[in-house]
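Novice: Just so you know, the protein sequences line up as chains W and V, in that order. So for the first sequence, the numbering used here puts the first residue at 9; every next one is plus one. So for the second sequence, the numbering used here puts the first residue at 42; every next one is plus one.
I should point out that these hints are in silico values taken from the structure, not numbers from a laboratory. Remember, predicted model here, so these are calculated numbers, not experimental data. We treat Cβ as the ideally placed atom computed from N, Cα and C, and that holds for glycine. Among the hints, erroneous ones may be present.
Unchecked claim - Listed next, with one range per pair, are the computed distances between beta-carbon atoms:
no., chain 1, residue 1, chain 2, residue 2, range
1, V, LEU185, W, VAL216, 19 to 29 Å
2, V, ALA348, W, ASP161, 47 to 57 Å
3, W, GLY46, V, VAL417, 40 to 50 Å
4, V, GLY75, W, VAL314, 31 to 41 Å
5, W, GLY46, V, SER483, 18 to 28 Å
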Amino acid sequence: MMTVEFAVAAALFAGVLFYAVLGGADFGSGFHDLTAGGSRRGAEVRTLIDHSIGPVWEANHVWLIYVLVTWWTGFPESFAAAMTTLYVPFVLALVGIVLRGASFAFRKYSETLWQARLFGIVFATSSVLAPFFLGTIAGALASGRVPAGGGGDPWSSWIAPTPLFTGAISVGTCAFLAGTFLTADAARRGQAALAERMRRRSLVVGAVTGVVVFAGLIPIEHDAPTLWEGLVGRAAPVIALSALGGIATLVLLWRRRFSPARGTAVIAVAAVMAGWGIGQYPWVLVDQVTIAEAAGAPATMQGLLVAVGIAAVVVGPALGYLFYLTQTPQWNGQEGEGRERVHWSARLNDRP
Amino acid sequence: MDATQLLAQASDAVAAADPAGLLPARQQMALSLGWHIILACFGVAFPAIIFVMHLRGIRKDDPVALNLAKRWGKVSAVLFAIGAVSGTVLSFEMGLLWPGLMGTYGDVLGLPFAFEGLAFFLEAIFLGIYLYGWGRMPQKLHLLMVLPMAITGVIGTYCVLAVNAWMNVPVGFDLVDGEVTNVQPWAVLFNPHAFMQFAHMWVAAYMVAGFSIAAVYAAGMLKGRRDRHHRLGFMVPFAFATIAALAQPFVGHFLGEGLAERQPAKLASFEFADTTEDGATPLRIGGVYVDGEVKWAIEVPYLSSIASMGSLTEPVPGLDQFPEEDEPPVNLTHYAFQAMIGIGLLLMAAVALYWFLRWRRRELLDNKWFLRFMAVSGILAVVAMEAGWIATEVGRQPWIVYGVMRTTEAAGDHSSALWLVYGGSVVLYGGMTLGAIVVLRSMARRWRKGGDLPSPYGPKTLAAEGPAGADVRDCPDEREAPAGGEAGR
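Bound conformation, chain V alone (with noise of 0.2 Å):
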């Protein structure tokens, strides 16, 4: 399939005006799907840290491990629901926002969806055994259970970012006559493009757990709460973030690598490449495009040409080339990824300076500035991932399949009610995130209490009334080890 006839064969088809629909659809898509990843980034990578903490427990016979661990599971618990919750919503509003994407290409992209959900179901399932099987099953056995969720992470991230990969390099049918035929589901399972994105993707994940988890108890530290807890709390997550941030601005630039040939106006719009230059592009940051023209920008000679196509000479094609119609908007694109990069490079070098003063013998955890930066790692995590995504995605536009097929015609018929429902999305994941805030916080701060989590069912002053002790405690999972040991150790 030859893509330029396939370009000239769909720009005929549409270029209209948009439906009143489109936008709160899209405003829809953004904040439901912006919402879930961060919950998937600890779905992702959150098994991992806890079996890591919950090993050294064991092994070492550390109670501090073993009970950070415990906790760490909890916490898990509160953000797995939400994540289940938020990720179902995306399968629904897949066919609600977008039918005619689902219609015209379900059963092409449908596949690694379908192993997406047979990971998710490993996943639920052994969550469900190692959360409640603290106490109930011989510990080696236990530890074994959060294994399946690590790995699970790893497919289901494979296989989201495969449908991801195709939307932008789509592969596996044929367009004959509009009709979409000789469908080839496991090359969009394997499609070239998917395992760069999804190491990217996944590097990411354990960014945004590592760091996030690390800024609490940085925040705890300069707080004053200077205990082994905090220590170890911060250096298990850091270390997984520290692998990661230095890894990512690599994997990132291979991932970005032939983008000039794949998607050349999204590569224009992250470069802010106005013109097609005679020689070398330079790297422009800041700035803003208005008019077909690049204004105001920092301008680092070479440096655009360099990265992007890996040459001294040859320029990065320009917004020039295109029809209007075919371009994303260019300055939400650009400075997207100027921040994902921007942060991406300030945490790589946050974690680089750590380790290299922790070899000349100097210890960061002591100094105030860097756990205030630290304490913030994790809100700079997100906000780069999330950026990311911003800028694969609206550089993308105005195709939801690139080059096959415009955002406009997978759009429901929808009329601008759907701002009613974009409306209620927003008090609806308002609430989830307070729900979550307000139950997390409070559960730091029980346990920084001491003690373990009662139930909440019943009133209160009853609580007090009854014998005090773990004998009110009606969930085993919640009753601290009783000094004999847990049952089954």
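Next up, chain W with everything else stripped away, as it sits in the complex (with noise of 0.2 Å):
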């Protein structure tokens, strides 16, 4: 069982989870952005995305580079098959990644309302559609549809049941851990209405996302068999647990405790994410080639294991540093005038 494959393939999915929850919550706030009303209603919400995921979206970003050389590296063939059969998603999610980068950096140094808005719609627009064109991506390889060989239908591969599902269970776990994670970045900068404002779109994109994952499970039953078996049976618990956590933040965000929420978003989108890597455990592309027959050359498999060990003792340390400094109040304006200083849109309400 503990194989250096199985190393390398957990060693890929846990990059793949980090991402999902680091860089999904930064593809979430988009959601928000998009959805937060034209520049006036907007403009705090906006104001606290980029407070929130501007130190940190670069380095949350760096996980999807990771997962991509674990998996050429590790796995190359099964890295060839995907690209040469999903390269319409793949595409498209990589042009909403490069347009939700630049112009969220553009945004910030916007110059006139127009630009700010302009680069505005481009950020909100593509962190919603990178997500999506990922998810079919998970869709696609978990359902079965990229052939070991490649070069599969570049259309039905992923425009399917599964695909289509797990492209909006991506969307809405993004835009329900941003939720929770902004709420909680509004009250701890002290903006209680901000905060209720947060906590009332966070309720009811968790509810919805809820209730799209189970309703997932559904067409997964005929449409992905070999994942649906793996998710009621060796997954069952994750799934459960994830059910749990979704739950309890729900509960959490209505009795307004937004820290402890933070912790049970993250378990429930990471337990989904589980579910779906363990429902599909031994396979690397569902009912086409499994971990040990896609694996590359031992050697480098090795290699990859010490690289990922670094990793863990070099970067893990300075990551977490970045998410603590984040957290400290100098670092959410609260040193010195600190609570006063409101953006000048909370002022607008005051106005006759």
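Put the two chains together into one complex, using the hints given.
Specialist: This is the structure we're talking about:
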């Protein structure tokens, strides 16, 4: 069981989990940005989003690079097979990723409102599209639509029940995570009205996402039988854990316990993802290629584990330090003049 | 593994007509790589330049230097963001455009990419800490956050160049009946050609970043902005560019040593050696290569043999020695190579002249023509670097992995519909270029007017109606330091 290939696959999937949770929360912020309303109504939400994801989004984005590199190094043929089959969603996801990052940076330093609006719309829309297409890729792999030799149908491989559902689930979980994080950030910054607004959003998004996740199980039974077997069998406990995490988050949000709600939201989303991974084990491309069959050269697999080990020792603490800093009072505008200093748009409500 | 055997084996296998998707795939890769590499240069070299400026600001308690470091930090935030996403494009394209390469050699060339990813991770983390740490961390600790970025720039560059060096001089695997066996990933990571290629690119990154940043302040001085802000903003990056420009011709020369054995067709194209001479090969500047012959080139006797072979008598192996299907596009390779050399020597001469005259107590910064030249030096450095990449990449053709895999074998089974994707990419990259220029220029304009950069989220007219001053700024990192000093100092 604990072979080198398994260890590399586990490390790869850990990267997918981290990207889904950390990168997902950044993408999800785009959903809230998109739906925040006009420039006056939305200014406060958008400012909060800028504060929350500004320092961390690039670091969180690197998980995707980690996943791709580990995939092509550890399981090269399956990588080529996925790329030659799913190039349409890959290209569309890529366009989303590029536009998201670039326009987020451009918006922060925009001079005029119309520039900020233009970059903002691009940022927000692409933040929703990228996780959708990444989700369809996951669904296509999990439902056995990528042939081992590659070159599968470029359209029917992902425009199908399971991939479309996983795409929707991906968008929903991102928005749910982001909503929970933003609510807690707003509360920590002392912006009670904003926290309340984000709390309502998160409750709605969370409930809808939960329904979509479990509704998504229905087509999977016929559309992706191998995955279904894994989900109701081996992965059943994690799926149950996900449901509990989701419900707990909604309860905590309802009772305004914003800080612990972040933890349960992470559990809910990570468990859904883990359910997918455990559900499709031991396949890399479901019904086509197993982990052992897909593995690259043994020396390379060992080398990858060394790289992962170094990453855990070097990158782990650095990442922890960054996250720690973003939670300190100094980084949340609570020093000195702190609480009086609110965004000018907050005062718009006081105007006659 | 015998190289000639490999060559024979591989050339039997292919040489069919190019598939329809090959040309757009090449153009796509050239566009995305050529675009990203400029930003990668800033990612590698900018942190060290910022570090020196920031250190000066703290050591000498110099507000001008501190202000420059802070602004450069913000500029780098924009550049790093588009650099990060354009780098992601390349990760995708490795598989989308070259599935044959990744499927066959993914586990051979992958390990350096894993370490590069690690370096990029650290870079992104410390970038976040540094950018948002202004005024929120103890000063010295904050300054230290730049250092990891300069170090990861070295590691990241090395790893990427190790892969490229491997494509030029493949090692670390055996081919047995067309199957890749005995993979040694560490031999790829530490392949013998990697270090020189790394050194050449790393120095090039400092040339591109150094000259580009200096060029901005040279242009400012030309418009009569001759304050300390502009002088300092010019001198620090110019100092980096000086060291890099002086070292680069030597680094490049050592990199080229032994090319006659490694990739003779590339060398023959560089040097326009159409035939193998009896004695020394002359250096041919300019000219055109048609029907196996070089025409209208300016010849300088001996020089090609001296530079490439280190000999007064030994000729450069000519293009007549290779079958046509093993030759790269000769003219493009030649001109790219000579453009790189020409511009590199010009930049070296310019910095040497500046420091020489300064030693003789003449200040060239007062000379309009020198400033004009400096104002375009950034573009020149970029052109030289791009030309260098074209020379080495096009010169390696028709191979993607030299002597082992042809580019046609690596390309995906795409049709000419790939041109559509390419067209979309031209629009996308054009848009990003435009966006970056507009935003960076407007940042500079607003900085010149004085003050900082307010958050743009909301109607401007309302912002004007609201109470003026620092309290409408919503981002602490955008606030000017209050009179009492910033928090944590």
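Novice: Hint by hint, note whether the structure agrees.
Specialist: Hint by hint, here is what the structure shows:
The hint said 19 to 29 Å for the Cβ distance between V/LEU185 and W/VAL216, and at roughly 45 Å that hint is violated. At about 54 Å, the beta-carbon gap between V/ALA348 and W/ASP161 stays in the expected band of 47 to 57 Å. Separation of W/GLY46 from V/VAL417 is about 44 Å and conforms to the stated range, judged on CB atoms against 40 to 50 Å. Distance hint check for V/GLY75 and W/VAL314: the Cβ-Cβ separation is about 33 Å, which falls inside the suggested range of 31 to 41 Å.
Roughly 23 Å separates the CB atoms of W/GLY46 and V/SER483, a value that falls within the hinted 18 to 28 Å.
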